[in-house]
Amino acid sequence: MATVTYDKASRIYPGTERAAVDKLDLQIADGEFLVLVGPSGCGKSTSLRMLAGLEDIDAGSIWVGDREVTHVQPKDRDIAMVFQSYALYPHMTVADNMGFALKIAKVDKAEIRQRVEAAAKILDLTEYLDRKPKALSGGQRQRVAMGRAIVRQPQVFLMDEPLSNLDAKLRVQTRTQIAALQRRLGTTTVYVTHDQVEALTMGDRIAVLKDGVLQQVGTPRDMYDAPANVFVAGFIGSPAMNIGTFRVEGDKAQIGSGKIALQREALSHLKAEDKNSVVLGFRPESLDRVAPNSEGAIPVQVDVVEELGSDAFVYGEVPQDSADAKDIHFNAGDSQMILRIDPRDVPKKGDTVWVKIREGEQHVFSAATGERISAEVKSDSRKV
Amino acid sequence: MPLHITGAADAALIELPWEIPLSAWPEEHIAALPRGLSRHVVRFVRHGDGVLAIKETNPEIAYKEFTILRELQRLDAPTVHPIAVVTGRRTPSGEDLSAALVTEHLAYSLPYRALFASAMRQRTLKRLVGALSVLLVRLHLLGFYWGDVSLSNALFRRDASEFSAYLVDAETGDLQARLTDGQRAYDLEIATTNITGELLDLQGSGDLDESVDPMDIGERLEKRYRELWSALTEVSTATSNVRMRVAERVRQLNDLGFDLGEIDMEQTEDGTAIAIRPKVVDAGFHQRRLMRLTGLDVQENQARRLLNDLDEFRAWNDDPAMDEANAAHDWLTRMFEPTVRAVPRGLRGKLEPAQVYHEVLEHRWYLAESAGHDVPMPVATASYVKHVLPKKADEKAVLGRSIAEMTAELPALTEEHGDTFALPDPYANDNTHAWGGVPEPEDEEPPTVERRSLRPVTAPTLPTAPSAH
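Protein sequence lines, in the order shown, are assigned to chains A and B.
The first sequence maps to residues 358 to 741 in the working numbering.
The second sequence maps to residues 201 to 669 in the working numbering.
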């Protein structure tokens with residue numbers, strides 16, 4: 358087991374100007390489950406393949422433990438890419454399926470048996486070792502496939518979208534299994550996904566990438582409570598954060614007819630290039646319903662109410678007469694807002710509800726740079 | 201989302217029963233073909249004159265693989281041909297079904313398992329691995345990283361006394377401008393592991409003699425690959441006689457079946473030598489030459505064999521007035537076509553024409569050897585058609601499993617199941633749940649099929665409720 362260090366590691370594909378991965382600095386602790394996440398083309402898979410030795414490193418270096426592996430061949434890196442597609446061989450026993458690759462590596466027979474047994478114990482497969490895969494259930498077969506990687510006892514596991522082949526339900530089951538297994542094994546793991554929910558639920562820490570540049574790395578809680586910039590704020594969280602650009606007047610941001618008092622800390626970071634504007638973000642659960650026209654309240658005209666039993670979400674529009682409405686947006690479209698409300702008191706389509714951002718739950722970003730300028734949102738200030 | 205088919209201009213595709221899960225497609229559509237190990241539901245389906253391979257998978261993967269196969273086809277790589285991607289499939293009851301990737305089944309191709317019907321000879325095995333190493337080199341030269349090299353993921357066609365391998369499964373692959381050494385090394389590592397596993401499995405089922413060492417064969421692939429790769433890409437330096445050295449290099453590549461499209465020559469730093477580096481190498485040297493001369497489109501080793509015969513033909517009919525093109529035309533009409541036409545219609549599904557010609561040449565050699573004198577081609581052909589060809593298996597569309605076995609899992613065919621096709625076992629034929637994919641267990645015996653009626657089953661009519669007055 359080992360740490361993994363990316364030290365200003367870059368990958369520039371031949372014939373391209375922009376780096377696919379640009380000076381990535383990342384320290385992964387021994388035994389940590391780190392998830393690389395970001396939209397398609399952000400460089401997450403390239404970063405993983407740089408560690409695996411499948412992509413050249415054009416600048417900087419990569420270390421596994423205290424050994425530099427920048428120019429080491431994949432098979433000599435002591436790293437296992439865990440395949441989404443391991444074949445299980447029907448005429449070989451479970452033990453042979455798990456151990457045969459070690460034979461190729463000329464590992465001694467007794468040693469193979471011992472490693473296979475150890476892996477089987479972790480995977481709850483001990484009693485099936487001498488059976489054929491046919492006799493196993495689907496889940497057990499999956500674990501045999503995992504076993505093939507485990508018996509190699511690598512320093513690091515790498516997984517590139519291992520769940521992309523699965524349907525939605527199995528994906529949820531399997532991600533729990535992988536996360537649990539990784540914790541039992543305690544092997545450093547780097548996992549790539551485009552799915553931020555997968556990242557939040559699985560990772561000890563998450564690294565968000567965009568356009569080849571690391572945006573932020575932190576625990577799921579860090580990412581949620583203190584996104585470092587507008588991109589991370591919009592990317593992490595489901596439903597997504599409401600984000601808009603607003604004029605600042607005095608110490609307040611003007612949202613339609615409402616005025617919202619901004620944190621003093623955020624105001625102190627405002628610079629000339631922000632041109633008296635801020636990007637303000639607030640999560641759907643950070644809103645309270647208030648009386649119409651009360652101070653700091655925003656009107657929302659209800660389009661759709663989504664009732665989930667434990668929660669209800671309102672998708673609505675800030676009415677057009679509010680001047681800056683076009684700047685408020687969330688994932689589903691322009692000028693829309695999403696709020697979580699009490700499922701026992703839901704408005705009807707066409708109603709107007711008035712909401713206010715709860716104290717201390719605003720995320721403020723510089724309009725010029727998109728960087729965060731407000732303090733972290735404290736999780737415990739949030740109430741249902 | 202409504203049913204959506206992207207791909208070939210083939211309107212008849214829309215008539216296939218996309219509203220039924222592939223594993224439950226009616227027998228009338230299914231061609232009985234062997235299936236290799238696959239992590240998806242795959243079926244071979246009769247369509248017009250040909251056979252299609254249909255694979256169920258998710259839409260992103262289907263589109264990605266389709267695009268890559270299209271691009272590889274454009275680059276003239278040896279792969280199966282992509283036909284279409286089908287998305288938006290839905291059962292009549294409104295349940296969403298997987299997307300499907302449709303490819304054309306390669307005529308006269310054999311999955312490696314079909315070659316183990318009788319215990320495989322070591323030599324055949326080495327040829328298969330040789331073919332796979334050539335395929336891997338060709339794909340790597342084009343910038344294709346395979347990601348899951350194995351015997352299962354390739355198809356093999358007889359190619360004179362060798363085999364040619366074709367890429368079947370590009371799902372894990374990626375096409376890039378140029379591969380890194382790490383990617384090539386990793387592909388080789390995967391290949392070695394997979395081939396060893398596949399052979400160990402064949403030994404487990406008793407289809408491969410215990411005397412064969414799977415590790416040896418696995419390592420052989422890497423060795424062959426490295427030899428070929430360095431022959432094709434290595435930089436050689438010449439201090440004198442540069443012209444001859446370049447010509448030598450070209451001939452060496454031609455012998456390996458490759459053409460040198462572009463070359464880089466550069467003076468070394470100290471100015472005492474010239475470094476020669478092949479820049480663009482294309483496979484199919486003999487293939488293209490034969491195509492140019494005769495219009496025959498055959499595989500590389502077949503082409504080599506036919507060209508040898510053509511050269512011999514020209515030498516025998518030594519007419520100084522006749523140029524190569526005329527000689528080729530003569531050879532085609534006097535040698536090749538009569539031989540191929542001598543095969544009765546009923547036997548034409550056995551082997552490809554070029555392969556038949558190759559085998560007749562082989563047969564002719566043996567006849568001549570035992571007779572002690574030359575045997576004319578028509579005699580050799582007649583003997584081959586009478587004594588050899590009928591004993592061969594049909595390989596145009598290899599029939600490896602009985603229809604009964606293939607359709608055993610089609611509950612829709614039995615009356616007791618009515619017209620619903622709810623799959624009894626969620627894991628039956630479905631490996632996609634496993635991110636370690638699982639091959640289908642292959643039963644020793646075909647399962648017994650109970651089929652009471654083959655007539656179309658109509659939905660049971662509900663008894664009309666007695667009117668309650």
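FYI, nobody ran anything at the bench for these hints, they're computed from the structure.
The beta-carbon is built from N, C-alpha and C at its ideal position, and this holds for glycine as well.
Heads up, some of the hints might be wrong.
[Unchecked claim] Stretch by stretch, here's where chain B covers chain A in the computed footprint (C-beta under 8 Å, at least three residues):
#1 567 to 581
#2 597 to 607
#3 628 to 637
#4 704 to 718
[Said to hold, decoys possible] Away from chain B, derived, C-beta distances all over 12 Å, residues of chain A:
#5 S521
#6 L665
#7 E674
#8 A725
Cross-check of the supplied hints:
1. 567 to 581: It is violated: at least three residues are needed, and the stretch 567 to 581 of chain A offers just 0 whose Cβ sits closer than 8 Å to chain B.
2. 597 to 607: As far as the stretch 597 to 607 of chain A goes, the hint is violated, because 0 residues have Cβ atoms under 8 Å from chain B.
3. 628 to 637: Per the Cβ count (0), the hint is violated.
4. 704 to 718: violated (count 0)
5. S521: Per Cβ check, A/S521 is inside 12 Å of chain B; nearest 7 Å; violated.
6. L665: holds (21 Å)
7. E674: The claim stands: A/E674 keeps its Cβ more than 12 Å from every Cβ of chain B (closest is about 27 Å).
8. A725: holds (36 Å)
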